[in-house]
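Asker: Residue numbers (the working numbering), protein chains in the order written: chain X, 5 to 99; chain C, 60 to 552.
Do not take every clue at face value.
[Said to hold, decoys possible] On the chain X side, residues computed to face chain C include the following (Cβ under 8 Å):
hint : residue
1    : ARG26
2    : VAL28
3    : LEU31
4    : PRO55
5    : ARG67
6    : GLU68
7    : ASP69
8    : VAL70
9    : VAL71
10   : GLY89
11   : PRO95
12   : VAL98
Quick caveat, the hints were computed from the structure, so don't treat them as lab data.
Predicted model, so just to flag it, every value in this text is computed and none were measured.
The beta carbon of each residue, even a glycine, is placed where N, CA and C say it ideally should be.
Here is how the chains run, residue by residue.
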Amino acid sequence: MSLDPATVRRIASLARIRVEEREVAQLQNELNTILGWIEQLNEVNVDGIAPLTGGAQMALKMREDVVTDGGYPEQVLANAPDRAGPFFAVPKVVE
Amino acid sequence: MTMFDLTLAAARDELRARRLSARELTQSYLDAIAALNPRLNAYITVTPERALAQADAADAALARGQAGPLTGIPLAIKDLFCTAGVRTTAGSRILEQFVPPYESTVSANLLRDGAVFLGKANLDEFAMGSSNMTSAYGAVENPWKRRQDTSAVLVPGGSSGGSASAVAARLALGATATDTGGSIRQPASFCGIPGIKPTYGRCSRWGIVAFASSLDQAGPLARTVEDCAILLGSMAGHDPKDSTSADRPVPDFAAACKRGVKGLRIGVPREYTMDGMPEEISVLWQQGLAWMRDAGAEIVDVSLPHTKYGLATYYIVAPAEASSNLARYDGVRFGLRENGEDLRDLYERTRAAGFGPEVRRRILIGTYVLSAGYYDAYYVRAQKVRALILRDFTEVFSKVDALLTPTAPSAAFAQGENMDDPIKMYLNDIFTVPASMAGVPGMSVPAGLDANGLPLGLQVLGKPFDEETVFAVSAAIERAAGFSALPSIRAGA
Numbered sequence: 005m006s007l008d009p010a011t012v013r014r015i016a017s018l019a020r021i022r023v024e025e026r027e028v029a030q031l032q033n034e035l036n037t038i039l040g041w042i043e044q045l046n047e048v049n050v051d052g053i054a055p056l057t058g059g060a061q062m063a064l065k066m067r068e069d070v071v072t073d074g075g076y077p078e079q080v081l082a083n084a085p086d087r088a089g090p091f092f093a094v095p096k097v098v099e
Numbered sequence: 060m061t062m063f064d065l066t067l068a069a070a071r072d073e074l075r076a077r078r079l080s081a082r083e084l085t086q087s088y089l090d091a092i093a094a095l096n097p098r099l100n101a102y103i104t105v106t107p108e109r110a111l112a113q114a115d116a117a118d119a120a121l122a123r124g125q126a127g128p129l130t131g132i133p134l135a136i137k138d139l140f141c142t143a144g145v146r147t148t149a150g151s152r153i154l155e156q157f158v159p160p161y162e163s164t165v166s167a168n169l170l171r172d173g174a175v176f177l178g179k180a181n182l183d184e185f186a187m188g189s190s191n192m193t194s195a196y197g198a199v200e201n202p203w204k205r206r207q208d209t210s211a212v213l214v215p216g217g218s219s220g221g222s223a224s225a226v227a228a229r230l231a232l233g234a235t236a237t238d239t240g241g242s243i244r245q246p247a248s249f250c251g252i253p254g255i256k257p258t259y260g261r262c263s264r265w266g267i268v269a270f271a272s273s274l275d276q277a278g279p280l281a282r283t284v285e286d287c288a289i290l291l292g293s294m295a296g297h298d299p300k301d302s303t304s305a306d307r308p309v310p311d312f313a314a315a316c317k318r319g320v321k322g323l324r325i326g327v328p329r330e331y332t333m334d335g336m337p338e339e340i341s342v343l344w345q346q347g348l349a350w351m352r353d354a355g356a357e358i359v360d361v362s363l364p365h366t367k368y369g370l371a372t373y374y375i376v377a378p379a380e381a382s383s384n385l386a387r388y389d390g391v392r393f394g395l396r397e398n399g400e401d402l403r404d405l406y407e408r409t410r411a412a413g414f415g416p417e418v419r420r421r422i423l424i425g426t427y428v429l430s431a432g433y434y435d436a437y438y439v440r441a442q443k444v445r446a447l448i449l450r451d452f453t454e455v456f457s458k459v460d461a462l463l464t465p466t467a468p469s470a471a472f473a474q475g476e477n478m479d480d481p482i483k484m485y486l487n488d489i490f491t492v493p494a495s496m497a498g499v500p501g502m503s504v505p506a507g508l509d510a511n512g513l514p515l516g517l518q519v520l521g522k523p524f525d526e527e528t529v530f531a532v533s534a535a536i537e538r539a540a541g542f543s544a545l546p547s548i549r550a551g552a
């Protein structure tokens, strides 16, 4: 499988990363090199193998469904690039 | 003999005996950082005032006879661990101004035990790299020099390159690091120091900036195997805030270093070799096996047939997880913001300005392999191959107690080398990635020098949650190798 320029633009859009038109060709080349190399996995017979999702071979723990933390909006907002009172502020999204 | 020749264990004993004060020790390390860090760039942020305040508190505790396991020990903290009130960048422009209001569990454990933090160590951006060349805060220099070519600036490996360079150059007594595909073990090998990636789940990931959550694991870099054991003993432990952290007791790792290898079965996986690998690495590997045989271990030939697919599997799984984890950097709640015409434009401009080329490349690969129509062909297939890699290890560990391999297929290379092709850089991790995929513990131990006088490491792999055997074997290699070479650039030289 080889990516065309339109697919590179579509992936960048899905990833919400602005890519300039002049960057597309080089990205296309780099991504195709990596994806071409990854193709070697097609040699492996994976029939009947269950996918391994995690690094830990153990069941995830459940915990009580209770609030254990919070109540400090100033700390939460301390790193906000922009704020309005106790809220994060973003450019206007609804006209 | 200077203060910088003390190992962590020796410094701890000097402090407890009150022959050395924590302030004196910390001040010496801060002076060494001031002298050498402008060149090595091992630290992104140095925190002298905090360090001295922590040292004074350590001296007070020592005076009261209330020393913890690490009281007064100066450490470097990889700038991927959130530190309350101290800027944490992850090596990225996008977190240049980020000051966490909380402390990661691992660094909190070290503070609980009395450690002094000198500052935040440089790393590849979001821990993505094998040379520390992708850091937005500049490359790190490896303190080792080629004998024949002393002008070449070598890389320390990555992603924990700042941590490794700092420990090797004696700008810290030890350091925290993280390993997703080799980011502790490969820089350890390149910088001539030991470092261990414990079993996935041994250390809490809470408060560590996430790269690939099913692989990320914290561990120490230090001067000796025993020093690593002491540090890991503090860093490890169950944490309810990380649901993948293992609820099991932390063994006495330092005691395990003294066990020896008599009667252990040590496997030699025949697949751990690569075209173009220098002969001296194979020779060192054979030497390591001979040392183990002499120390009473039985050497067993074994096979891990899916080894060669580890890297390709990794370069699907890790970018996929990264593309998901790094979605949070959107310019809204924290981190860099680049204003745009609308909210979507703000996201896109923020992420374009904030991420470097390697991070962008991996996010795009990850987004692609998770996208509709390709998920099964790439991501699910990779997860199935990952299951086969784990099965290889499970089968082998029914026959042997540990495995011995080279850590990396080369010694440290120069800045600029391996930069033209991402895959050439990725191949650095060919021997470290399989253990990451399987979640098993792995340690690199310096075992010899190449013809250029550069250090080479051997890797010890163990069963899940059997770091004790990994430490026992690693300490035996350390004793047999008698590795005493030091880099030319170092404090106290």
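Asker: What are the numbers of the hints that this structure violates, sorted from low to high?
Answerer: 1, 2, 6, 7, 8, 9, 10 and 12
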